[in-house]
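Student: Number 168 in this note's numbering belongs to position 26 of the sequence shown; there are no gaps in the numbering.
Misleading hints may appear alongside valid ones.
Listed below are the simulated DSBU-like cross-link pairs for lysine-lysine, each with C-alpha atoms no more than 35 Å apart in a straight line [what the hints assert, rightly or not]:
no., residue 1, residue 2
1, K284, K166
2, K198, K295
3, K198, K331
Rather than coming from a laboratory, the hints here were simulated on the basis of the structure.
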Amino acid sequence: MINIVLFGKPGAGKGTQAEFLKEKYNLTHLSTGDIFRYNIKNNTELGQLAKTFMDKGDLVPDEVTIQMLQSEVDKNPQSAGFLFDGFPRTLAQAAALDTFLETKNQSVTATVALEADDNILVARLLERGKTSGRPDDQDEGKIRNRYDEYNQKTAPLMHYYEGQGKFHVVDGIGTIAEVTARLTNVFDKF
Numbered sequence: 143m144i145n146i147v148l149f150g151k152p153g154a155g156k157g158t159q160a161e162f163l164k165e166k167y168n169l170t171h172l173s174t175g176d177i178f179r180y181n182i183k184n185n186t187e188l189g190q191l192a193k194t195f196m197d198k199g200d201l202v203p204d205e206v207t208i209q210m211l212q213s214e215v216d217k218n219p220q221s222a223g224f225l226f227d228g229f230p231r232t233l234a235q236a237a238a239l240d241t242f243l244e245t246k247n248q249s250v251t252a253t254v255a256l257e258a259d260d261n262i263l264v265a266r267l268l269e270r271g272k273t274s275g276r277p278d279d280q281d282e283g284k285i286r287n288r289y290d291e292y293n294q295k296t297a298p299l300m301h302y303y304e305g306q307g308k309f310h311v312v313d314g315i316g317t318i319a320e321v322t323a324r325l326t327n328v329f330d331k332f
């Protein structure tokens, strides 16, 4: 079983690439963004709580995120592995993921970060916001706030996973096919 964490700032292409990777490697894709939106759309208690943070462009607190993610993993007991998209985002979440996976006799196999310039990503998100209807993709200030949060809370995870020999970087700029080829070259080593 392989469990891959896919990193990248909002707009880096994690969701797009995850669609290709989950098929190619037979993984269950767990996108925290999708999980949040599902819970918000269905007006669950956790969804209502998550929405209050997302609407401000803030990251959802660890305990809410962890509860949602554990529930999704538990719904897929026959999975060949998981592709975690947007989780973990903090050191506390990484430790919680390690602890949770240990209860299932599993671990994180590797982490892969899609790297891209902030200005390119802001332009991507503003364009996506025109059709997605997501308020957090329609305001440059909120987008940049998400990047500040990412830099403060998520970037330290690189050192955490580097220390375990599990961190890989992939250039996220280029056509979808070019980025997919780069990711495949890395994934094939797992």
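Student: Each hint should be assessed against the structure and marked as holding or not.
Tutor: The hints, checked one at a time:
Between K284 and K166 the CA atoms are separated by roughly 34 Å; this keeps the pair inside 35 Å, and the hint holds. The straight-line distance between the Cα atoms of K198 and K295 is roughly 17 Å, inside the 35 Å bound, and the hint therefore holds. Restraint check for K198 and K331: the C-alpha separation of about 39 Å exceeds 35 Å, so the hint is violated.
Figure legend: structure checked against the earlier numbered hints; the only hint not met is number 3.
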